[in-house]
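Visitor: Here are the chains, one letter per residue:
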Amino acid sequence: EPEVTQTPSHQVTQMGQEVILRCVPISNHLYFYWYRQILGQKVEFLVSFYNNEISEKSEIFDDQFSVERPDGSNFTLKIRSTKLEDSAMYFCASGYGNNSPLHFGNGTRLTVT
Amino acid sequence: DAKTTQPPSMDCAEGRAANLPCNHSTISGNEYVYWYRQIHSQGPQYIIHGLKNNETNEMASLIITEDRKSSTLILPHATLRDTAVYYCIVAKLSYGQNFVFGPGTRLSVLP
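These protein sequence lines are chains U and F, in that order.
Residue numbers are given in the numbering used here: position 12 of the first sequence equals residue -5, and the series is strictly consecutive.
For the numbering used here, add 414 to where a residue sits in the second sequence, where the first one is 1.
Quick caveat, the hints were computed from the structure, so don't treat them as lab data.
There may be inaccurate statements among the hints.
For the chain U half of the interface with chain F, some residues (derived, Cβ under 10 Å), not all of them [unchecked claim]: (1) -10; (2) 3; (3) 7; (4) 10; (5) 28; (6) 47; (7) 48; (8) 59; (9) 75; (10) 80.
Using N, Cα and C, we set each Cβ at its ideal position, and we do this for glycine too.
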């Protein structure tokens, strides 16, 4: 069964550094998402992406964040200058649309020191 | 904020049916009910979804009340591997709309 894959599984970075989290969505999906989950807290929406543009973003997704679909298969989340509070699990998800369910990857654990 | 209300925790004996309730009294006519679960810190795993009819797949059954204001996820024969946080989400996944996760129900399957 096709699945969403994310790399790396764990990323450690120093405060102020840039990180890029990578995702390969399911191949025929059209909608792409990033969510995050701080340890012990709820899963939170960051951004959705459709037709090569951001369709919705949350208050968390400020100017330090950006997303890109550089080719036909990858979907990336960039954090320009990481802060300690960016430490979290980051989940990528994709969906076909038309009320079909979203499918999530197993996440990247980002640790900012 | 999430549009659903779930009990924070439940226990179930291994081999018995687990019935997880969800209230969604403000659901609108074109919103679906989705159920996901999260085991440890893995990504949320899709279980089942429905609009108004009851649904069944290899993992679970979904019972939606006639007025659509509540639903129940049924795991017919719970195993220890079903121990997880279960999320009930209502959404209309049109262009750009996303899932809003609540705290979910922590289901513990006991031997």
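Visitor: Indicate, hint by hint, whether the structure satisfies it.
Guide: Here's how the hints hold up against the structure:
no.: 1; hint: -10; result: violated (13 Å)
no.: 2; hint: 3; result: violated (19 Å)
no.: 3; hint: 7; result: violated (13 Å)
no.: 4; hint: 10; result: violated (17 Å)
no.: 5; hint: 28; result: holds (5 Å)
no.: 6; hint: 47; result: violated (20 Å)
no.: 7; hint: 48; result: violated (15 Å)
no.: 8; hint: 59; result: violated (17 Å)
no.: 9; hint: 75; result: holds (8 Å)
no.: 10; hint: 80; result: holds (7 Å)
Hints 1, 2, 3, 4, 6, 7 and 8 from the earlier list are contradicted by this structure; the remaining hints agree with it.
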